[in-house]
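Please model the complete structure; the sequences and the hints are all you need to start from.
Sequences listed follow chains A and B, in order.
When you line the first sequence up against my numbering, it's residues 5 to 121, in that order.
When you line the second sequence up against my numbering, it's residues 631 to 743, in that order.
Keep in mind that the hints were calculated from the coordinates and are not lab data.
Take the hints with a grain of salt, since some may be wrong.
DSS-like cross-link-like pairs, simulated, lysine-lysine; straight-line CA separation at most 25 angstroms [what the hints assert, rightly or not]:
no.: 1; chain 1: A; residue 1: 13; chain 2: B; residue 2: 735
no.: 2; chain 1: A; residue 1: 48; chain 2: A; residue 2: 61
no.: 3; chain 1: A; residue 1: 61; chain 2: B; residue 2: 735
no.: 4; chain 1: A; residue 1: 48; chain 2: B; residue 2: 700
no.: 5; chain 1: B; residue 1: 738; chain 2: A; residue 2: 48
no.: 6; chain 1: A; residue 1: 48; chain 2: B; residue 2: 735
no.: 7; chain 1: B; residue 1: 700; chain 2: B; residue 2: 681
no.: 8; chain 1: B; residue 1: 700; chain 2: B; residue 2: 738
no.: 9; chain 1: B; residue 1: 681; chain 2: B; residue 2: 735
no.: 10; chain 1: A; residue 1: 61; chain 2: A; residue 2: 13
no.: 11; chain 1: A; residue 1: 18; chain 2: A; residue 2: 48
no.: 12; chain 1: A; residue 1: 48; chain 2: A; residue 2: 13
no.: 13; chain 1: B; residue 1: 735; chain 2: B; residue 2: 700
no.: 14; chain 1: B; residue 1: 738; chain 2: A; residue 2: 13
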Amino acid sequence: NAGVTQTPKFRILKIGQSMTLQCTQDMNHNYMYWYRQDPGMGLKLIYYSVGAGITDKGEVPNGYNVSRSTTEDFPLRLELAAPSQTSVYFCASRSSRDKGPTVYGYTFGSGTRLTVV
Amino acid sequence: GQQLNQSPQSMFIQEGEDVSMNCTSSSIFNTWLWYKQDPGEGPVLLIALYKAGELTSNGRLTAQFGITRKDSFLNISASIPSDVGIYFCAGQIYGGSQGNLIFGKGTKLSVKP
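Structural data, given as structure tokens:
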């Protein structure tokens, strides 16, 4: 019963390097999300996906890319790391089986703490 | 876009005290949720509210969905050290933005043992 799994948990990047943050879920959820969390700023949506092959921008997409080739996986790509991307990144998922006003809450991973130096 | 105003931003309380925090919005929401984030972990759902006026409890936690559908509050009774963490409110407008949740900026709770 793994839920949402994120790897790595910690990473230090040099400016200009690239990396992929991995996210996988085993709950057969259609919706998946990437958030970044900066101190005192709450959770800001980077990208989301409503199903395999479909992605869309959130509030702060610049400097990031995503893909969704399977229901389970939703990797986040940083192409040219910048100090402004130092943050904690959370992946989340939810079921699309919301009927009427009911929505199922998001399940979050435990996060990736990224430092760009 | 929609915003949630969550207050207070942080608070220190003595163990055993009751805690209250709230979220307000200029928009009407169909669903309110409250999450807790422990240090070094992702947020975990505490309580979900689906109807205006609804009052729901989960142990020492009680949350209410405001009558106007523009606010919600969370109360924690008889706080204990493990209540430390960041509490987030989140709202959803059914059918809007793919049903994505909008999060408040969080209330950081610290308890003096």
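Hints, one by one, checked against the model:
Only pairs whose Cα atoms come within 25 angstroms are accepted, and residue 13 of chain A paired with residue 735 of chain B is accepted, the gap being roughly 23 angstroms. Restraint check for residue 48 of chain A and residue 61 of chain A: satisfied, since their Cα atoms lie roughly 11 angstroms apart, inside the 25 angstroms limit. Of the pairs offered as hints, the one joining residue 61 of chain A and residue 735 of chain B holds, with about 20 angstroms between alpha carbons and a cut-off of 25 angstroms not exceeded. Taking the CA atoms of residue 48 of chain A and residue 700 of chain B, the gap is near 21 angstroms; set against the 25 angstroms cutoff, the hint holds.
For the proposed pair residue 738 of chain B and residue 48 of chain A, the alpha carbon gap of about 17 angstroms is at most 25 angstroms, so the pair holds. In summary, the hint linking residue 48 of chain A to residue 735 of chain B is supported, as the alpha carbons are separated by about 9 angstroms, within the 25 angstroms threshold. In summary, the hint linking residue 700 of chain B to residue 681 of chain B is supported, as the alpha carbons are separated by about 12 angstroms, within the 25 angstroms threshold. Taken as a hint, the residue 700 of chain B and residue 738 of chain B pair is honoured in the structure, with Cα atoms around 22 angstroms apart against an allowance of 25 angstroms.
Under the criterion of a C-alpha separation no larger than 25 angstroms, the hint pairing residue 681 of chain B with residue 735 of chain B is consistent with the structure, at around 23 angstroms. About 24 angstroms separates the Cα atoms of residue 61 of chain A and residue 13 of chain A, which keeps this hinted pair within 25 angstroms; it holds. Straight-line distance between C-alpha atoms of residue 18 of chain A and residue 48 of chain A comes to about 23 angstroms, which keeps the hinted pair within the 25 angstroms bound. Of the pairs offered as hints, the one joining residue 48 of chain A and residue 13 of chain A holds, with about 19 angstroms between alpha carbons and a cut-off of 25 angstroms not exceeded.
About 16 angstroms separates the Cα atoms of residue 735 of chain B and residue 700 of chain B, which keeps this hinted pair within 25 angstroms; it holds. Restraint check for residue 738 of chain B and residue 13 of chain A: the C-alpha separation of about 22 angstroms stays at or below 25 angstroms, so the hint holds.
Checked against the numbered hints given earlier, this structure breaks none of them.
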